[in-house]
Structure formats: structure tokens, C-alpha cells
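Using the sequences provided together with the hints, build the complete structure.
If you read the protein sequences in the order shown, they are chains A and B. Going letter by letter, the first sequence gives residues 4 to 305 in the numbering used here. Going letter by letter, the second sequence gives residues 4 to 305 in the numbering used here.
No lab work stands behind these hints, which were simulated from the structure alone. Treat the hints with care, since some could be wrong.
All copies of an identical chain are treated as equivalent in the list; a pair is satisfied when it fits inside any one copy or across any two copies.
Here are the simulated lysine-lysine pairs, DSS-like style, with alpha carbons at most 25 Å apart [stated by the list, open to error]: (1) K212 / K137; (2) K116 / K138; (3) K202 / K270; (4) K202 / K212.
Protein chains: 2
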Amino acid sequence: MTETVISSATKELAIGFDRPFVIIGERINPTGRKVMAEEMKNGDYSRVESDTLAQIAAGAHMLDVNAGIPLADEPRILAEAIKLVQSLTDVPLCIDSSIIEALESGLSVYQGKALVNSVTGEDESLDRVLPLVKKHGAAVVAISNDETGISEDIDVRFGVAKKIVNRASDYGIAACDVVVDPLVMPIGAINTAGREVLKLIHRLRTELKVNTTCGASNISFGLPNRNGFNGAFISMAIQAGMTSAITNPLHAEVVAASLGADVMLGKDPDCTRWITQFREPAPEGEAGGGRRAGRRRRRSAS
Amino acid sequence: MTETVISSATKELAIGFDRPFVIIGERINPTGRKVMAEEMKNGDYSRVESDTLAQIAAGAHMLDVNAGIPLADEPRILAEAIKLVQSLTDVPLCIDSSIIEALESGLSVYQGKALVNSVTGEDESLDRVLPLVKKHGAAVVAISNDETGISEDIDVRFGVAKKIVNRASDYGIAACDVVVDPLVMPIGAINTAGREVLKLIHRLRTELKVNTTCGASNISFGLPNRNGFNGAFISMAIQAGMTSAITNPLHAEVVAASLGADVMLGKDPDCTRWITQFREPAPEGEAGGGRRAGRRRRRSAS
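Right, dumping it as C-alpha cells:
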């Protein structure tokens, strides 16, 4: 019954074994988005704003915020982006950087209990990130690679996850505040990646008893119809025990796959969330038509 | 390693634990299709023809053929439909009727080893359908209900399936030629239907060691975005051990969910089937552009 409680100033969200699956919107990230990177570098956060609103409208339960821009002042930019996003929405955030100073800067302005993304099994990462997580009372994403890289052997990756959970405990961080990323590899390149990651998710859930997250879109790298594939992956990962994912809620397949899996597993009584997300708009002129038409627009945007 | 081998005059197909998932096209069925029913009754099989071609183009591996029309000569119509379909495609067929004379008539004209749909756990059904299946060397879909109806208790449904497998054995039909339908109930009405059917599929696979099929679309009856829900269900059912389904291959979500699950479970080496189904068409004028453009049209039809 592990639960990882994350919060904003006014809203709590639990990632948990018996909770609905948590979609963490991945869009606020300048990696590979030249225009966004240039804008953010120059203090223009208009795309951060539109990505915030679009992802919330599409059904994201949390948002990941990343400001990784080469040769830019990442600590400042990340803090500014977080302040802006928190002024626009009350969903809790995932503070995403590989630079310790940026994580520190982001945490210093964050209102609530954040999810820090991420710590790895490398000693340097553990010894720099975990004290910061503890100091701010945050939760942390633990990525199951270490100095030796990413192993294709899931026993090794399980071992790294266990090491991180233990080291977090040494720093006074409870296991329920460590959300493990088992590392999703592109199945087009590594054909066994699907079976292996499903097994690893299941072991993390049943043996290490931790919540899990992942960069779900990695699975389909290089394949056609990536959204369709991501949908199949997400439903199956949830069935194996995955409790959250950093992914794109603007893709209808992703939202349907996760909400559908929740219904299948009894986490959406009376299909309430499914029906709310997907019901057809009322005909024009009927009461409530406006709001529902808005919902339809969101769907067609995906 | 159970395998159910079905065939047409020239083509064999195995439903099996280590085989790719088998999509049995559900469209050739006049139930709820007034125009089609009227046409078939009057000897017009134009919709049977177009449904055959469209389902094969969309990726169906087998086709279900049903001619259940009230007050019509079902045995004659079913036989005519089967002869027509077999003249159009070499995929094996599922002969679908609740009337013994229609099954007999269909089997008498069928070229190859058919899948008979279906027998139930009712004694009258067992004692009439199984001898016919044996006589024609066919395989049979076993529906896990009996005289007492459809139980919500999966132990009861498992027991009915076991009874049918045993009775088939008494008639000389091997267990590998019995494909069990665990019965998929609408999850909007019975909230536990998802978890329960996944458990039952897993038990049928691991304990009774039989292949399984189902009317997959039943799960989403009454819900919005049925195709999206069916996709999540199909991926999860395959993960639980389901090896075929009678469903609509014209829905892109269904095809992506099943092909994606096969890739995830290592049943599509190098993602060959996935890539063949979903690759983008070549730009106009390039070699092979015509064929690929055809593939694109199929996708947009769903």
C-alpha cells in the first residue's frame, strides 16, 4: 500500500498502489525544442505557459519542469519556470535537472512537496542529491543506473534501485518517497526490452514495494505509430504494477491507455473518470454544452 | 505450448501461447445490421464481400461468419456466405451459429479445418455440437456458461470451461482444439469485470492450459470512446494470456493494442509486423508508393 504524497501549495496528490495511475506531463522541456530553448534563455516563458495549460486540460495530474539549455543559466531559468507554472496551476510538480544547483534553485522557490527528478545509483549523485531532497522534505525519482551505465540485466537494475532506496534511508528519506524509474529502453533496438521491463516493474512493486515511474515514450523510439505503441506499453506496464509515468497527455492514446487500465483494475469505480474524460458533448444549445464542447476540443488536439 | 491449428483449403494458422495474437474479424454478422440482414436473406452478399475484403486489408488473421437472421433459412445462408468468403480469401474461418443445423450446413461446405463458434457447458449443446465438431475434424469455441446462466464467480466459469474440455475429450476432441471464451462482461455495469476476467484468462492459460478467445468489444458496452477502451483491454488480456479475440480490425486502436502487445511480449521479432502495419507511405512517385498509399487508406478508414 505504498503511497508517495506530492503537493503544491494547495493540493496533495498520492502516487500509490491502490491509487489511479498518475500522468506526469513531459512537455515543459526545451531538450530538442530549439525555439523553446532560445525563448526560455531570453526570459520568454510563453511556451511554458501554453504547455502548462494544454497538459492540464488534457488530463495531466502532475507536470515535469525541465530547463536544460546548453550554456544557459539553468538554475535561474528553472526557478523562473517553476514560479510561473505554480502561478498557473495547482498540480504538484516534478523538478527535473541533472545539475545539482538547478535542483537546489528549483526547490528553493517551490511551494509544497516536490518530486525531484532525479538521483541515480552513482555515488556522486546519491551524495549530492539525497541531502537536498531530505533538506526540502521532497520525494525523489531514482533511476536504476550507476557508474557502470544502464545494465540490460534486470537483476542488476533491481540491485541499483535497492541500493538507492537503502542510501535514501541512510539520509532519512522513507522508501515511500523514492519513486523508481526502471529505465525503459527502445524496443526497436532491444527486442527483449518489453518483457524485461514488465518483469522489473513487477519486482519493484512486489519485492521492493516502491512506486514506479518512467519516460514511457522511450519504448517506441524509432518505430512508426509511436503513440499507438506507447498506449499498449502503458496499459501493460500499469497491469505489471507501474504507478506513474512521465509522458505526453496530449496524445489521446496515452490517456485512454492509462484511464482504461485504471478502470480494468478497479481503480475507477463506476468508470467515473473515464466517462468524464471521454463523454460526447451535448448538442448545441443544451445546458452544459459549452463546457463539454471545450472537452471535445481538447480531445481533438491530441 | 498449446496450439490450435485452423486452416482453409490452402493456409494454416496456429492460435498458440508462443504465437502472435490472432484477430478474428467480427464484422460478417447481420445481428443489429438491418440492411445486411435483409440483403443476405434475399441472396445479396455484397456486404459480406466488402466486409471480407476490408477486414483482411485491415489485418484480420481469421474471419467469423455469422448468418443469424430471424425467420430466415440460416443453414442455407450461412453455407452460401462461407462459400463466398472462401472464394475471396484464404484466411481460415470461424463458423458462428447457435443453431446446430446451420453449423452442420456451414461445416459441410467449408474447405479446411474450421473453428466452430460455439459450444456451451449446457448438456444439450455439448451433446449436439461436439459430435459434429469431431465428425468434421474441426476445433471449437467453448463458452463458459451453462444451464444456470453466466456466473459472476470466475471459479464457476473456470469449472464450466473444464467440464467442456473434459466432455470434448470424451468425444475424441483434443484439449488443444478447444478455445475457451471466458465471457467478457460490460465493465460499465459490473465494475469487477476487468480484474475478474484477467484472472480467469490467466487461470485458463496456466491451469487448464487452453487457448482463449472472446468477444472483446463487450467490455466497453455503454461507455464513451469504446475503441480506446477496447485497446486497453486487449493489451492487458494478451498480457494475462489471451491468444485470440473476435473483434473489429477496422478499429486502429484494436490493431495497435494487439500488435503492440505482441511486440512487448517478444512475439514480433525486430518489430516486423508492427513496422509493416504502420510504416508511413513513401512520398508520391517513389517505388512502392502505390502499395504503401493503400496501407495509409486502410489506416484512415478505422
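Numbers of the earlier hints that this structure fails to satisfy, in rising order = Per hint list: zero violations.
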